[in-house]
Structure formats: structure tokens, C-alpha cells
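So the sequences go chain by chain: A and B. At position 175 of the first sequence the residue is numbered 175 (this note's numbering), and the sequence of numbers has no breaks. Whatever position you read off the second sequence (first residue = 1), add 338 for this note's numbering.
Read the hints as simulated data drawn from the structure, not as lab findings. Just to be clear, a hint being listed does not mean it is correct.
As the list claims (entries may be wrong) - Label-pair ranges, simulated between beta-carbon atoms: (1) A:Val-211 to B:Lys-461: 36 to 44 Å; (2) B:Ser-724 to A:Ala-150: 23 to 31 Å; (3) B:Val-440 to A:Arg-240: 49 to 57 Å; (4) A:Ile-219 to B:Asp-688: 54 to 62 Å; (5) A:Val-109 to B:Asp-688: 44 to 52 Å; (6) B:Lys-461 to A:Lys-139: 33 to 41 Å; (7) B:Asp-818 to A:Lys-139: 24 to 32 Å; (8) B:Glu-637 to A:Ala-150: 46 to 54 Å; (9) B:Leu-393 to A:Phe-243: 53 to 61 Å; (10) B:Glu-768 to A:Leu-114: 44 to 52 Å; (11) A:Pro-154 to B:Ala-651: 55 to 63 Å.
No residue lacks a Cβ here, since even glycine has one placed at the ideal position from N, Cα and C.
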Amino acid sequence: MKRPVARTISSSTTTSEAARSPRAFAADRAEIIEAVFTPEAEPGLLPLPPRRRSWVARLAWTSGGILVSAGLGLAADRLIRDLFASNEWLGWLGLGVLGVFLLAIVVLVTREMLALRRLRVLDALKADAARAVLDNDRKTAGAVTEQLLAIYAPRPDMARARQTLSDTLPHLFDGAEVIALAERSLMAPLDARAKALTAASARRVALVTAVSPRALVDIAFVIYESVRLAGAIAALYGARPGFFGFWRLARAVLAHLAVTGGLVLTDGVVEQLVGQGLAAKLSARLGEGVVNGLMTVRVGMAAMRVVRPLPYETLPMPTVRDFIGELVKVTTDAGKSA
Amino acid sequence: MPQPPTTITDELGIALSNLADSATGILTPTLRLGVTGLSRAGKTIFITALVHNLLTQGRLPGFAPLADGRFIGAKLAEYPDATIPRFAYEQHLAALTANPPVWPESTRRISQLRIVLKFQSAKWWAGLTGPATLNLDIVDYPGEWLLDLPLLGLSFAEWSAEALARARQPGHAKEAAEFLKALDSMDVSKDASDSEAERMASTFTTYLRRSREHGALSTLPPGRFLLPGDLEGSPALTFAPLPRPGVPVRHGMLYAMLEGRFEAYKTQVVRPFFRDHFARLDRQVVLVDTLRALNAGSEAVNDLETALTAVLACFRQGEANPLLRPFVRNIDRILFAATKADHVHHTSHDRLGAILNRLVASASKRARFAGTTTRSIAMAGIRATSEGTIRENGETLPTLIGTPLKGEVLDGTSYDGKTEIALFPGDLPERPDSLFEDGQPVSLNFLRFTPPQKLDRNAAGDVVLPHIRLDRALDYLIGDWMA
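Chain B on its own, in the form it takes in the complex (with noise of 0.2 Å):
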């Protein structure tokens, strides 16, 4: 039977918090934006670009607020929670204009960011009350994370039969050899030993790991093993699934001692984030590298469906009662957006768009149900191809026009990281379901860019980063609230 994944005193906890933001709120509306999507999607690109345009006054055609001129400026602010690390714009911003400008490092941890709008609204009071301003919170955090909140109704028992389940399937087998060896090796029912532990889940992390980089994706918990943050080594940390013993547990046995550390992660790790962070949520987007899938096959394409089905059944979602504001706090609107969209040429991106939706076709129902508006949009944060064509063979062949990073291989040709080439990617299928069978290999190969080596500045002197359909994702997520 599983349980909800809080318990009462986190729902009051959460809904004494939200009281809190609601008082605070009351003269300074706060909006908490939360960026998700499984590693490599294109979060901190996201964000960056994100801030950077509003920061700047980008070139944003398509966000409202900017576009009727009612936009004011923003500027960046101390986050009223010092113990979160913060968003480290500056750094990513700086090794995007380096030379040769580099793809910032990847999210690895939760961390937030303040951006403070000021803007004029245009309903029929703003004229007396004069600018408004919003607080825009951006929370940044592994999509991994996510896959654990599940657990939270599950006991060690339950989980553990579910993990050994998977790790002995058929497909699983190269890359869970090693840990299944070393669980027969091993009696479950001795004495307990942080050496024993430690050896288990070294092996137990190696397989997640392996799964996820040969796989192209996992959709494995825990997902602290594979992005550890600032709990790396710690004893919640280090556990494995083990099957249950022949004898009845007593205290001491290994079995109780790494139940006691499942449980420990569930309450220290699991649960904090979910009432801290997740549960306090307005607005989410939902990145996802639909291109690398592709490039994987049907079976990571697969695998990638089950993993954001997964993340999005945690969503707190539905429309928020105007009673019941003060306590709790809904997503209203999920943005799904195909991130990296500048590797398509844009006669694709209608495919792209639909390969999407075929993909969160089940999330998105049920957000649906739930009151939640969902919308999905082909993106790109920063730009770094542009298009041209390429006639061969009486063929006229759309392609994109960039450098390739060093080491991406195309036809046996190794690409050094300085030749611009222009590559035509392959079609996309016409139809999404293509690609979820097996049997009909799509010949695709979307190469990765180096980041725009040139970049335009603005009459203030300022990067302009280009970008493709951001100003749609920032108007669909906040455009209402700066109406």
C-alpha cells in the first residue's frame, strides 16, 4: 500500500510557510519559477539566457510586458534564504562570452536565484498605484532529484524487490553484472559493517551510472547517487537494495542497518527538498533533450517517456482556489519545451513541437485534469547555429550552420571544435509514434555546437544573446502575472 508522499506535519509545515511568503507577499508578489529537466537538457542555459535578456531588455518581441513597453528594468537580489547556494549567473554568463567562449558547467545541486521586475501594469488601478514590482524566484534543480520522490511511499522492502527486479532484466545485464555478483557474494543476513555497505553501494552507483550513460538515459532511483550534491559519502548515501533475509530481522544485521539508512534518506534527504522547495512551486518548465534521445534510439526515446512520466506524477498541480491562496501553492502552468531546437532547422520545429507532445502526451493529460494549463513549445536559451541550405544532387537540403564541439563524430569524420561546417541533420519522422517502435531505425545524427563565437552587443554594451522562441516561454510563464 503506498503511502502520500508527506506526512501531516510537512502539509502544516508547508502550508505555514506559504502563509509566510503570503504575508510577505502582499506589497511584492513573489512568483517561484522551478526549471527542471533530466541532466543535460539545457537548465543552465535556460536560466542564464533566461535572466540575461530580462536583465538586459534582450531582444524579446514576444514577452508582453516588454514588447507594449510597460517593462521598467530588473536587476538581480539578495535571496531571502542564505543557507540555498545561488544561481551562479555571473560565472555562467562569463564562460558563455568568453574566448573561445565554453558551455557553462552543468546544474549539480538545487540553487536559486531573486530577479526583481519593475513594470507598469495595464489594468485600470495601475495608474494610481504607479509601478509594480514582482519577484521572480528561480529554482534551479536536477530533474534526477525528482525520481526519488516516489520513494517517499515506499518502503525498503518494496523498493528493494523493485530495484533487483530491474537490475535483473535482460537489458539491464552488462551494467549490473558486477553489483548482482557482488550481492550473491554476500550473505545479507551477517552482522553490519561500513565496509561492507560502503563496497555494496559503490557497486550499487557504478551500475546506476553505467545504465545512464549507455542507456543515453536512466529513470533509476535514488537519484542523489547519481548527482550527490553536498551529500556525497554520507551515510544516507550509502545503501543498496538487498533481497530480505530467510531469517527475521534483528538489530545489528546489515539488512536493518541499511534500512535504517533508506529510511534516513527518505526523511533527511527526500523529504526536505519536497517540502522546502518542490511543494512551494507557481510555475514550472520542464526541459527536455529530445535530440539526444533521438540520436540514442527507440529505446532511449522509450526510456526518456517513462522517466518524465515519472517526474511529472510529483507536480503539485492544479489551479489555485482564491480561498485557499494564502495556504497553498499550485502549479498553474507547465511549460514543456523541447530545448536545443537551434539543432533543427526551423521548417522542423513543427516536428520537433510534435515529438514533444508525444512524448508528455500522459503527463500533460492528467496536468490537464487537474485544472493545470500545459503548453509545449520547440526552444532554444541561446542560439548557436544559424540556417542556410545546401543544393545536392538537384537537392536542396536545409541545414544549420555552426561549429561542432571537439570530438563529435559524423561519418567517421572527427570534428576538431574551430571548422564551422553546415550539417542537414536528417528529417525528423513525420509522425512521433515512428520512433517509439522498434525496427525502423531513423537515421538522425544531431551533432552538438560550440557555444555563438560572435555575439552582437546593445547600444547599452551589453551581450545580446540570440536565442529562438524564449520570449514565448517567458511570456507564457510569467507574462500573466505582469499583466
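Bound-form chain A, shown alone (with noise of 0.2 Å):
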């Protein structure tokens, strides 16, 4: 039988970390470290993380570029000569065609680059919108006032509306009620603008699907609609959206139908299924018209949110119930001429 044994340890390292004795220090000696809070502003329309590409793949664009472009500008300058060799007058002429077109090609591309731009300034202004209702920010808020104002400077339309926000911005001290009142009175219109031109939009889908003799033609149709109809709604909220912006628009768009699974969770799902359901009891295909009639609107509604300036906080967001009474009327009212 063997004894218990105790022994000491010696390891310096333990040691010195365990036993920190209280110290006092000045206060201006010491870093300040606070927790940054920044409120988020939605989180359904968080960007997609950035897509990494490998350098290899940039390699080959880059090359390829330069090969296309050379090939271009080769392309131009050989046919620029063989103007000149044909005759004078001809090569003169083909020179300023080449300039116009260049031209013409640096102020599109200026336009799409402004159009991108001021995608994201609408994108940057629902942020600091958010966050001045947070914060109720007073300065934050007239900022963003102040954009929106300029943004929508050249409307005819708008003109009472602006009025009425830079009449009575002066008499608001806080951030929150700022932000309401340029919603009710700057959004308030375009919201009903933008629903009635979804709903246009819904209706000639679902009349287009219940009439239609092929898949294929409906189809077609949808996509059309959906790309006119985003297109119509950023144009409404001031974004002006150009090939390239309606791209990453689109693609917004697409990303918000995605994160919501297709179905706009603040909407109750009973009620689209039952609106569904009416319609399929009715016949095949006009069910079919209403589905896409809904497939439609909530293209619409998706635009809404990404190119609307401002979040919504006092005017409720617009959901599918509202367009779903429209849709079957419309629907089976085709059903009943056909």
C-alpha cells in the first residue's frame, strides 16, 4: 500500500496569470472601448455577401477584354482606311458616324452610371431614414428630407406635396416625426400610384393566363409584365433605373422574393390560399390566371421595397389581400365571357 504523496508544482507560467492584483489607474490613461450599436435597417434586404472571384477567372476577363477591345478598335480604324482609299468624301464621313457613335456611347454609359448611383442614394437614404427614427434624430432626418425634396425637385406632380413637407418641416423638433411626415405626405401618393400600376399589371396577367391557349405564351407574358412593371415602379419612386440598373434592380428584386420564400410572410398565408383556391374551384385555368395574377403583385410589391426611399413606418405596407378581391372578380369575369 503506498502513501499519499503531495508535491508542489513549479510552473512559472500558471502562476503569474492567475494573480492579478487590483490596480488603479487615471482615468484619461485608460482607452475607452464601447460596443458600436448600429440599428439595422431591414433585414430581409440585406445584399447578398459579394461573390469572390477567383484571380484566374479575372485573368481571363481582363485578357479577353483587351483582345475584344483591340479587335474593336482595329476593326474601326481598318474601316476608317478603306473609307479613305475608297474615296475622301466617304472616309470623312464615316470619321464623324465614328465619333457620334463614340459619343453617343460615353453619355449612355455616364447615364447608366448616374442611374446606378442614385439606385444606391435611394438605398443609402431608407438606411439613414431608419436609423434617424431609431435614433430619433432630428439632423439625420432633415437630411434625408432634404434629399428627398431634391430627388423629386423636377416633379409636377409633386409640387403640393414638396410644399406642404418644406412648409411645415420648420415647425417639427423630432426625428421620428419628420420621417412620418415626409412618408405620409412624399410617399403617400406614390405608394397609391405604384399599387394601382401592380394591380393594372395583375389584372392583364391573369386575364392574359385564364385566355391563352399555351403555357408558353403565359409565361412570355409574366416575365414581360414583371420586367415593365419594376421598371414603371422605380421610375414612380425617382430611381430611373437604366439597362444596367434595371439589372441590379432585378436582381433585388429577385434576391427579396427569394428571402421571402416566394410568399410575403406578413400576409396571412390562409388568406392566398383561399383566394387560390376560389379561383381553382372555378376552373384549371383560371386558377392558373389568379396564381400569376399574385405571382405579378408580389413582383410589385418586392420593387415597392427595394426602390422605395423610405421605410415603412406610419402608412402600412401594401399586402397581396389587398389585390386578391380584383384578381378573382377579373378572372372569373373572363370565365364568364369565355
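Hints in hand, dock the two standalone chains.
Next comes the structure, spelled out in C-alpha cells:
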């Protein structure tokens, strides 16, 4: 039998870390680190993490780009030379046309870039407005409102709303109030028109689906209407997307639809099912009409949420419910007349 | 043992009047809004501005029914009870729009006004019924009268003991000296005489009035001694606290006479007020003039807190039970408003709000426990100043631009009521608690300003009264009834 043994362990590392005696410092020597709280604007609209392109792909794109532009430059050069060779005035004409073409391209590119920037400005405005409401920050709210007024300054149809807003602004002292006022006076008329646009689009889609002979026609029409609707709504809210801007917008809308899983969760699922079930009872084609119409409605709503420069704070967010009655009515009317 | 403020008969009467109100209110609901505050808190201005803005559909961007475009119009209507004075809205507005404008007279008695609001509800069935109407009854009464309500639970002996102990406190020595001298020189057990009672009552009233003037505020009941309304000089207001005589109290003694008058005061004056007006309110706004107390220092701030807590203890508050709704009316929303926010730069409104929150903290805690929702804001019924900045010694000071009232003094300069100045009233403390502590003087000086000199007119030719956050107050108080 062994006796119990205890031995001290001499390890310098553990002792020095374990015992730290209390000490006091002068306050100004301390570096103050505070947790930074940044309020999240809207979790549903967070951009996807940027895809990282590998350097090989980047190399391929760059070299390809160089080759193509060199080819284009060479082709243009050859063309002008040939024109000069055949006839001198033809050469001058060709040169002039080329100049006009280049100028037009430059203008187009600038416009696209401006449109992209504007989309980004609207995004930033939305985030600022959400923050101003959360912090009740009068200064930020005032800046947001000024920017909105500038964006809508060239719009004759909003003169009255702008006037009300700028008249009342000096009498408000709360950030949240300022944003609420801006939303009520500037966004309310736009919201109504965006809703009307969406409803009209959905109606057309439902009708075409209900009467069209082939499924392919429906799909083409749904895509066509969705693209047109998203563009119209963006233009309405002052985004004026160009070609590339539109791609960005479409991506955001699709991302939004994907995030909400195709179903807007703020809506009762029941209503959607009831709406669809009701029409589907009437006939399969009419049911499809309603479904396609609802799809368009969701595209419209997603576009509104993406491009609207202020978050939905005081005004209610549009819901699918607002559109269902009308859709069912249109399709049943079509069913009766068919 | 304190008794409850109401008797069973009172409760029955209250329930019956509520039932009558409910029966008449089936078609047109009536919302009774109580407006109170200690004197000079800005009650008259608040009501005048509120009524005027509703009548002329003024600048109220934060009032949801108006901002949504659902508000159709408002008009003044005859108040059903013909015995209660009407709130003199027209006179007050005339005073404000006169040349030169003056602040209207202050509340001296209870008054009421009914304003009928027409609006379109946003509820789904509103499309079937068309525009709805709501009677808004505004009840204006001096906050001092509320200090009387705790008296309902006290006997004359209890109240006398309390009042005399307070008068003998060292802080009250200067104001109460005359009253105590009169008391000492008198024998309480002698026979009753009217002249003796009058002498005691008048010295007691002087003591109350002085302590309010000197100490900026008063938490001393009975409130009608300060604001008698139409009862001035009546026997019910002619009494004073007396020490209990050594001999047994017999009929005909001065003590017995004053005791009878105290009881009469309770049953004839305080209880009807409680029963007919106070117990039947739906919403209450409590206006607090924090700036006046801040000017006067920490003692006045403490005093104000005590007064507010006492006043708010009287409210019948709590959620309305939908089943008992025809019989029981409870105050389910209380708004605490720090008035005269126009005397502070808007960057300091947060701090003013924090001070108000600190002042009403215990009262609002109790209200929330009872199920009432409370909110506090810094507001101004009528905005008398505009804002600007001044650079001095490389420092940018936020200032208020306005005309101080005649006789206001700052740094030895007395103003004549005509010169416009830019005033930096001092920074409000970041920590509201520091106001309640002695020994740390806060250097603040809020001058009183004249009403706005030049008023805009709207398209219909009505005067537009500028305000601060009146729309939010209104939205909180009546917005949900017009949803």
C-alpha cells in the first residue's frame, strides 16, 4: 500500500496569470472601448455577400477584354482607312459617324452610372431614414428630407406635397416625426400609384393567362409584365434605372422574393390559399390566372420595397390581400364571358 | 384610519351618471378629456391652442386623423350641462391675437367646452356607416383643487394636526409666523364667533398664499383657499386648523364650529367636484411647468414633485373593463407634458423630457401598475420664440429669440416688453437627479416671453398658432378614438 503524496508543482506560467492584483489608473490613461451599436435597417433586404472571383477568372476576363477592345479598335481603324481609300469624302463621313457613335456611347455610360448611383442613393436614404427614426435624430431626418425634396424637385405632380413638407418642416423637432411627415406627404401618393400600377399589371396577367391557349405564352407574358412593372415602379419612386441599373434592380427584387420564399410572410397564408382555391374551383385555367396574377403582385410589392426611399413606418405595407378580390373578379368575369 | 374618498351613495351616483352617458353615447361617443396642472402651468394656453388647431385644422402633421386626410371638420357645440361655466375660448383667442398680444387670464375655476369632431374612420366597416362623430369634452380645472381630494379621507382633527405640524416646520417659519401668533393668542375652547373664525381663516389663507408665492409652489390643502372660484367668502371656506382643546368638545365651541365647516367643505365642495367631474374622465393631461421650478432651485423642484405625486394619487386610473364600460369610467391614458418647451432650445428638449420623467416617476409607476399607459413629452401649446445661434468667444450658443415680458430681469437688466432679444438660458443638467440635490446650484434663467407678435394666417384667413408637439399630444390623447 502506497502512502498519499503531495508535491508542489513549479510552473511559472500559471502563477503569473492567475493572480493579478487590483490596480488603479488615472482615468485619462485608459482607452475607452465601447460596443458600437448600429441599428439594422431591414434584415430581409441585406445584400448577398459579394461573390469572390478567382484570380484566374479575373485574368481571363481582363485579357479577353483587352483582345476584344483591340479588335474593335483595329476594325474601326481598318474601316476608316478603307473608306478613305475608296473615296476621301466617304472617309470623312465615316470619321464623323464614328465620332458621333463614341460620343453617344460616352453619354449612355454616364447615364447608366448616374442611374446606378441614384439607386444606391435611394438605398442609403432608406437606411438613414430608418436610423433617424430609431434614434429620433432631427439632423439626419432633416438631411434625408432635403435629399428627398431634391430628388422629387423636377416632378410637377408632387409640387403640392413638396410645398406641404417644406412648410411644416421648421415646426418639427423630432426625427421620427419628420420622417413620418415625409412618408405621409411624399410617399403616400406614390404608394397609391404604385399599387394601381401593380393591380393593372396583375389584372392583365391574370386575364392573358386565363384566355391564352398555350402555357409558353403565359410565361412570356408574365416575364414581360414583371419587367415592365418593376421598371415603372422604380421610375415612379425616382430611381430611373437604366439598363445596368435595371439588372441590379431585378437582382434585388429576385433576392427579395427568394428571401420571403415567394410568400410574403406579413400576409396571411390562408388568404392566398383561399384566393387561389376559390378560383381553382371555378376552373383550372382561371386558377392559373389568379396564381400568375399573384406572382405579378408580389413582383410589384418587392419592387416597391426595394426602391421606396423611406421604410414603411407610418403607412401600412401593401399586402397581397389588397389585390386578391380584384384578381378573382377579373378572372371570373373572363370565365363568364369565355 | 383613512377612509376611501367616496361613499357608497357617491359610487352609485357615479355609476348611474356613467350609465346615462353611455346610453346617450351609443350613437355619438363622448370622450372626456381632463386638463389639469398647478396654476401657471399653461392650461388655458393648451386648451385654446388645442381647440383652435382642431377648429381651423391647423398645422398638425403628427395628428394621424388629420395627416391621413380622414379628419372632416370640427365645431363648438353647446355643453349639455348648463350650470358649468363655458371655457372662454373666444376671449382667450382674442387676447392672443390682439395688438399687442397678451397672454390670456389663467384658470380660476372649473370650466368645460364641448367640441364635436367629424371624421372618417379607417376601420373596415367605416365604409358602410359613413363619417363618424365624436364629442370631445374638455374639462379645465385648477390643479390646486386636486390637492383637496385626499382631505375626503381625513377628519378635522387629523387634518389640523397635519397642517399645524407643517406650519411649525422651520422652512415655513417666515410665512406662517402671523398665523401661529394669532393661533397662540386665542383660546380654542371659547364660544364660537364669526369674527374670530374669519380672522383665523384670513390669516391662514395669507399663510397659504405667501408660501405659494415665496416658495414658488405650494403643496398645501385646502386648494380652494387659494383659488376659491365662486365660493369666495362663504362659510364653507371660512375655517382654519385648530389644535384639539384640552376640555371635551361641546356644541357651540369655536372648535366645533370650525369642525362643522370643515365637514361642510368636504361634503359640499370637494365631494361634488370629485363625483361630478373628476371621477368621470377618460383621458387626462397633466401640464407641468418645470422651468419655473428650475428657476427657483432645488427646493421648489422637490416641492413640485411632492405636489404632482399627491395630485396624481387621486386619479381613477386603470384599463376599462369592456363589460363594465357602461358603468365605470377610468382614465386609461395619462399624458405628462412639460409645457413651455419653447423657452428651451430644441436640442435641450430631451433633457427637459428627462427632468419631467424624473418628476413624475413615482406617479407614472403607479399609473402603469393600475394598467394606465402614460407618456411624457416636452411641448408648447403656443410657441412664443424662434431659434437661432450666437457665436461668443469662439463658442456657439443655441439661443431663443423672443420678446421678454415687461419686468423680466436678467443680469440686472430689466426688460420693457418691447425689445426682442436672443437668450441663452443655460444648459439643462444632463442628469435630472442633480436638480433634486441641495448645494449644487444650477445656473438657469428662463425668462417669460410675450405671445408671438406676428402670426401667419392660413388660406381661409384663420390665425395659425405655432406650437411644439401639440399634434403628438393630441394624437396620443384622442387619436385612438378616431382610428
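Comparing the hints with the structure gives:
The given range of 36 to 44 Å is respected by Val-211 of chain A and Lys-461 of chain B, whose C-beta atoms sit roughly 38 Å from each other. At about 25 Å, the beta-carbon gap between Ser-724 of chain B and Ala-150 of chain A stays in the expected band of 23 to 31 Å. The given range of 49 to 57 Å is respected by Val-440 of chain B and Arg-240 of chain A, whose C-beta atoms sit roughly 55 Å from each other. At about 56 Å, the beta-carbon gap between Ile-219 of chain A and Asp-688 of chain B stays in the expected band of 54 to 62 Å.
With their beta carbons about 48 Å apart, Val-109 of chain A and Asp-688 of chain B fall inside the hinted range of 44 to 52 Å. In this structure the supplied range 33 to 41 Å holds for Lys-461 of chain B paired with Lys-139 of chain A, their Cβ-Cβ distance being about 37 Å. At about 31 Å, the beta-carbon gap between Asp-818 of chain B and Lys-139 of chain A stays in the expected band of 24 to 32 Å. Checked against the hint of 46 to 54 Å, the pair Glu-637 of chain B and Ala-150 of chain A passes, with Cβ atoms roughly 53 Å apart.
A hinted range of 53 to 61 Å holds for the C-beta pair Leu-393 of chain B and Phe-243 of chain A, which are about 55 Å apart. Between Glu-768 of chain B and Leu-114 of chain A the beta carbons are some 45 Å apart, a value that agrees with the proposed interval 44 to 52 Å. The hinted range of 55 to 63 Å is satisfied by Pro-154 of chain A and Ala-651 of chain B, whose Cβ atoms lie roughly 59 Å apart.
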